[in-house]
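As they're listed, the protein sequences go chains A and B.
Converting from the first sequence to my numbering requires adding 49 to each position, the first position being numbered 1.
Converting from the second sequence to my numbering requires adding 25 to each position, the first position being numbered 1.
Simulated from the structure, these hints should not be mistaken for lab results.
A couple of the hints might just be wrong.
[To be verified] What follows is a set of in silico ranges between Cβ atoms, one per label pair, in the way DEER data are often shown:
{"#": "1", "chain 1": "B", "residue 1": "GLU180", "chain 2": "A", "residue 2": "VAL107", "range": "26 to 36 Å"}
{"#": "2", "chain 1": "B", "residue 1": "ALA80", "chain 2": "A", "residue 2": "GLY162", "range": "27 to 37 Å"}
{"#": "3", "chain 1": "A", "residue 1": "PRO206", "chain 2": "B", "residue 2": "SER105", "range": "47 to 57 Å"}
{"#": "4", "chain 1": "B", "residue 1": "ASP181", "chain 2": "A", "residue 2": "GLU84", "range": "29 to 39 Å"}
{"#": "5", "chain 1": "A", "residue 1": "GLY190", "chain 2": "B", "residue 2": "GLU47", "range": "25 to 35 Å"}
[Stated by the list, open to error] A short list of chain A residues far from chain B (calculated; beta carbon distances all over 10 Å):
{"#": "6", "residue": "GLY141"}
{"#": "7", "residue": "GLN178"}
{"#": "8", "residue": "ARG196"}
Even glycine gets a Cβ: it sits at the ideal position worked out from N, Cα and C.
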Amino acid sequence: MRIELDAALAEDTRAIGAALAELLQPGDAVALSGELGAGKTTFVQGVARGLGFAGTVVSPTFTLVREYRARLAIHHVDVYRLERVQDVLDLGFEEMADEDGLLLVEWGDAVEGLLPADHLSVELTVPGQDERRRMVVTGTGRSWAIRWERLEQVLEPWGTDA
Amino acid sequence: MIVLGIETSTPQTSVALGTEIEILASTSLTGKARQDAVVPAIEHLLRWSGLELQAVGGIAVGLGPGLFTGLRVGVEAGKSLAQVLGVPIVGIPSLDALAFGVRHTSRVIGAVIDARRAEVFYAFYRAVPGGVLREGEFQVAPPDHLAADLEARGEDVLLAGNGAILYRRELEGAGGRLEFASAASAHPQAGSLVELAIPRLHREEYDRLFDVAPLYLRKSDAEIAWDQRRRGASS
């Protein structure tokens, strides 16, 4: 399960996040990867907006975890500054995608083994010098297989035919 | 002596006030915001029982193993109260409290708590005069690992806890000599913490405040597998 997307502006990156938000359910986990400045936090801003959160979303690089109460309890995590798997466990990471929770992890590809078996990966790349971003969305597990067709539909406006 | 018990290792938070003679008041609640409810629940207990907070002479706190978020809140609440009130604190493994609650049996007791992620926390106990005696270490493992343990023991075992109930089907395959405790014993109770703590408080076997910490069984020595891209980007 793989979708390639093109976001011309930062606002498109947010809009993609907001479109994805429609499909998110309690217990979901989304791993975000991409170099510094690739738009991971921008994407999270979109997801939070899509879930009805009206407050400010900034990178939790130094606070490690931020929580937003919206349609889902959003746990926004950044593991960039952590070196050990135990540091991630000590955040209560394994319970963040529980109950009514949604786990959004920046640099999540580095800790993929700690994510729930069913999860979504969003990889952002920067093709040029402007706001344009390329995204590859990959789904793992049955719960995403069930939703995949619908996900393709909502993300269709940004799809690349390449 | 009035002892306050705080148990937060499972989706059911439980608080109790008790003495050597009886449990004076107790309450338990489940739900999404249960962590936030620990302190209000204690306030309610005091109000209902007509006791002043200053009447509390000791704190008993459940250490898990169990759910991370609840444990962190519950243990910190207990430590804060112990410090503010200037009273001793005793940390007790939550599996001990679970086994204590079903100790009136001649069977070996298996205390089993759901650890999420298709695993359980568990330990085995034997009833002894005045309490329970743990046999072996705390474990975190998939239910089939516990089933293999049960099969290897080959004894009559009473299984208690939400993990035993959740994985009953898998565990029953381990043989016909198992009995399952009722749903009423699915969660460790703060009243059991109080009962377990009182003898220790009388013997002055307190824990040092800063040594009281949740029991985390999921440990990792691994480094995060940062790839070249991150190294390149961060340097």
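Status of each hint after checking the structure:
Restraint check, B:GLU180 to A:VAL107: a C-beta distance of roughly 56 Å breaks the suggested window 26 to 36 Å. Our hint of 27 to 37 Å for B:ALA80 and A:GLY162 is violated, since their Cβ atoms are close to 49 Å apart. Evaluation of the 47 to 57 Å hint for A:PRO206 and B:SER105 yields a pass: the beta carbon distance comes to about 51 Å. The beta-carbon spacing between B:ASP181 and A:GLU84, approximately 60 Å, falls outside the hinted interval of 29 to 39 Å.
Remark: the range hint 25 to 35 Å for A:GLY190 to B:GLU47 is contradicted by a beta-carbon distance near 50 Å. Chain B draws A:GLY141 into its interface by the beta-carbon criterion, the shortest separation being 4 Å against a cut-off of 10 Å. Annotated as non-interface, A:GLN178 keeps its C-beta farther than 10 Å from every C-beta of chain B; the closest such distance is 17 Å. At roughly 21 Å from the closest C-beta of chain B, the C-beta of A:ARG196 stays outside 10 Å, upholding its exclusion from the interface.
Hint compliance for this structure: hints 1, 2, 4, 5, 6 are broken, all remaining hints hold.
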